[in-house]
Amino acid sequence: MSGEALLQVENLRLDLVVGSRRFGAVKDVSFSIGRGETFGLVGESGCGKSITALALIGLLRRPLAFGGGRILFKGREIQDLPGSEMRKLRGNAISMIFQEPMTALNPLSPVGRQIAEMFVLHKGATWHEAERKAVEALADVRVPAPDRRVKDYPHQLSGGMRQRVMIAIALACRPDLLLADEPTTALDVTVQAEILELIRDLSAAQGTAVLMISHDLGLIANMCARVGVMYAGRLVEERAAQEVFRAPSHPYTGGLVASLPLLGARASHGRSRLKEISGVVPAVTAFPEGCRFNPRCQARTDICIAEDPEETALPRGGRVRCHHHA
Amino acid sequence: MLQFVFRRLLQAIPILLAVAGLIFLLFSVIPGNFASTQISDGRAVMDAEAVERMNRQFGLDQPLATRFATYVGKLATLDLGTSFRTRQPVWHLIGERLWPTMQLAFASMMFAILIGVPLGFLAALRPGGIVDTVSMVTAVSGLSLPKFWLGLMLMYLFALQLGWLPSFGYGDGALRNLILPSIALGVAPLALLARTTRAAVLEIMNADFVRTARAKGMSERRVVQWHLARNALVIVLTTVGLQFGSVIGQAVVIEKLFAWPGLGSLLVDSVSLRDIPVVQGCILVIVLFFLVVNMLVDVLAAIIDPRIRYS
Amino acid sequence: MKLRANLVIGGALFATVVVAGALAPFLAHTDPVMDANLMNAEVAPGSEFWFGTDAQGRDIYSRVLYGARISLTVGIVSQLINTVIGVCLGLSAAYWGGWWDDFVNGLTNLMLAIPSLIFALAIMAILTPGLTSLLIALGLTNWSYTCRLSRASALSLKSQGYVQAAKVLGYGDIRIMLTQILPNILGPIIVIGTLGMGGAVLAEASLSFLGLGIRPPFPSWGSMLSDARDQITTAPWISIFPGLAIFMTVLGLNLLGDGLRDILDPQSRARTA
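Residue numbers (this note's numbering), protein chains in the order written: chain A, 7 to 332; chain B, 683 to 993; chain C, 177 to 449.
These are calculated hints, taken from the structure and not from any lab test.
A portion of the hints provided could be inaccurate.
[To be verified] Simulated restraints on C-beta separations:
no., chain 1, residue 1, chain 2, residue 2, range
1, C, Leu199, B, Val819, 26 to 32 Å
2, A, Ala231, B, Arg991, 55 to 61 Å
3, B, Phe788, C, Leu345, 34 to 40 Å
4, B, Gln907, A, Arg28, 31 to 37 Å
5, A, Asp222, B, Gln907, 23 to 29 Å
[Said to hold, decoys possible] Far from chain B, by Cβ distances over 12 Å, these chain A residues were calculated:
no., residue
6, Val263
7, Ala319
8, Leu320
From the three backbone atoms N, C-alpha and C, an ideal C-beta is built for every residue, glycine too.
Pulled out of the complex, with its shape left as it was, chain A reads as follows (with noise of 0.2 Å):
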């Protein structure tokens, strides 16, 4: 781990309310951000990556409910702090950015002012400086023109721009964590890789700390140094980035690596089509006794089913959840 710890999940858990019942939608979490850190959760869609951001920044909304554990941000509990405080903390410290750049933008306000509202609403700036100091963050975030475009509204942007604007609004006030929350799925292939590289270079400038949220296994590894995998709601192995590539310990994170394309790979490696895991992610409610992942496991056995598996630290570091790990 680099640095000192920056962020500390422990044990988190989130619980879906449903009338009088609470589902664990996401149990037992933990893992840490060093400063300046790159950690990337990777897994399917529904297994709990995007709504542990946002209960990390106290946004999670009905039905979904923080249902414990502890979230420690610069060694300080924040899990239950009151909304006033918690209101400091976001945007300012902590920011996120979404995964719909479409409309993650007010439609009525100029993207400019949308930048401005952060220095006005944390740093105490009149609107006056704030609105210049809007353009700086748009010039930042490589938007050409920003002197004009700060006048310009939403619709009248593309994704790419907009995702960019929404990066300026996370950045403008230089948080120490910044929540990325699969920026990128909903852009074009060529736009993909500059908002990666913006975001890789103004972290890196800013010394922000980065949690990077993909279904994309292979974005992850580009990005990160060290990798959670979640599955249905529980992180099942955590490790180096080129750790999880080279010996996936579980054997989900072994079928992400397996269906995953590498260029080039093919021929040397003798595969012949991409390997798939077959079956889907259960819903929150419909979550299987024992290992979470037994029905779809093609290691399992008897235990799989009778018993949910412990976290297991590795010999070369990182930890797995599983009663046959390689």
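For this one, chain A is given, so just place chains B and C on it according to the hints.
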């Protein structure tokens, strides 16, 4: 912005022309004409010569196309024709009635907005809560009430039993006289506005950009004021514009009930008497009023929402 | 569950009105038109005359029962006409496009520009007052929402695989519209139709109240109220019961429409009515 207003004005012209054409056609297919209905209704007895003289006087003996051309030509010079009955220019008759109708329409709309919008807003804050349930039950009841019956009941209670307010009449435009008819007329748009506001607020509350606003660290109050309210306002405004149509439509019944000297009662009287030029004139002016109000609403919406401006 | 409450209450109210109308000859105490008796004029509600009597001494309870027949006939028939017009125009406009689509669009915009009650009034002006004229006037003036909805849904369905497949199979245009597209938009159309029926009942009452719909002595709720106005001080019950009957019917239809919308058309919320 000016360009938008101009474009919007241009769009209104063909609609107005089409309405003129439609009502002209409608009243040309009447079997017979004004003069002969006067005879068949037995309201007046005219000999054949008188009928012919009247037809000639009003140009009713000309072919249809010629009559329409003349009609549109006159419209272009703002001439709505002459009443069959009083022989006065239709403009004159309508001019006297326009202001009371506008007063009534605006007053009932104000009543609807001032109560309906906050009600819908409160309902949306706690969906399924008591306020929500009560206001939505009230809303669906308000939509189902026959306006003239509500008016009659209000009249009975507040004018005849309690004696607080005058039971009918214009009273030279006194506020006292305006209250009961505007409530009777405003209840339906109030109900609809409450429902629309609730739906709009609920929809926007779950919008991505509201989540962004929260993620920025904005207080809940500011999220509601700045991001939510403005976006909901656009939807509410459009509904208000459209509701004006049904308000001036329903005003016909309310004006008749409260003996309100507006366009609506003029229209009803003229329909009963088959005074066609006045009927045509009233409908045209009502449609024009509706179009103008909606244009104003669109301009307002475009000021708030840039997407309308540029589309 | 709120959804159930809408449907149950709405359905019950509407069913009551339907039963009252259908069984009027058995439930009524007197003939609604003929049994005028000036000796019994303006009798207050009581055990003999449940809802009281009017100025001509007719039993209001019986007249309200018979009034249900007129309201329901007008509501159902005129809304059927509207629905057929709206669906035909909307589907064909979407399917054939071109000048026909432009024409239908223009016509719809025109209809939306004229308040529907005013339009119905204008049509009544050239017809002789009566049931048939009412059905025509109300049946021709409230199809624009159905038309817009059918057009929009048909446009989005048109390009879908199964409709294209039907085309490849050599199905005729009309057959495709009726068998492939119509069933898929039936839900929202039923919802608009139900709510529109309530509107038609109100419109009939309004026109009859103005003396331009059903004429006395026939017991339309609207014309009963028109008569009742003069006796509002001496005999308020003459006004109360026909009004309550209209309210109940329209409320039933509106609740039914809302309930059906929750089931049949969950994604659309009440924007317009």
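Hint by hint, here is what the structure shows:
Distance hint check: the CB atoms of leucine 199 of chain C and valine 819 of chain B are about 30 Å apart, consistent with the given range 26 to 32 Å. One distance hint, 55 to 61 Å for the beta-carbon pair alanine 231 of chain A and arginine 991 of chain B, is violated here, with the actual separation near 47 Å. Between phenylalanine 788 of chain B and leucine 345 of chain C the beta carbons are some 58 Å apart, a value that contradicts the proposed interval 34 to 40 Å. In this structure, glutamine 907 of chain B and arginine 28 of chain A meet the distance hint of 31 to 37 Å, their C-beta atoms being roughly 34 Å apart.
For aspartate 222 of chain A and glutamine 907 of chain B, the Cβ-Cβ distance of about 38 Å falls outside the hinted range of 23 to 29 Å, so the restraint is violated. For valine 263 of chain A, the condition that its CB be more than 12 Å from all CB atoms of chain B holds, with the nearest at approximately 32 Å. At roughly 35 Å, the least C-beta separation between alanine 319 of chain A and chain B is larger than 12 Å, which holds for a residue marked as non-interface. Non-interface status of leucine 320 of chain A relative to chain B is upheld: no Cβ of that chain comes within 12 Å, the nearest being about 35 Å off.
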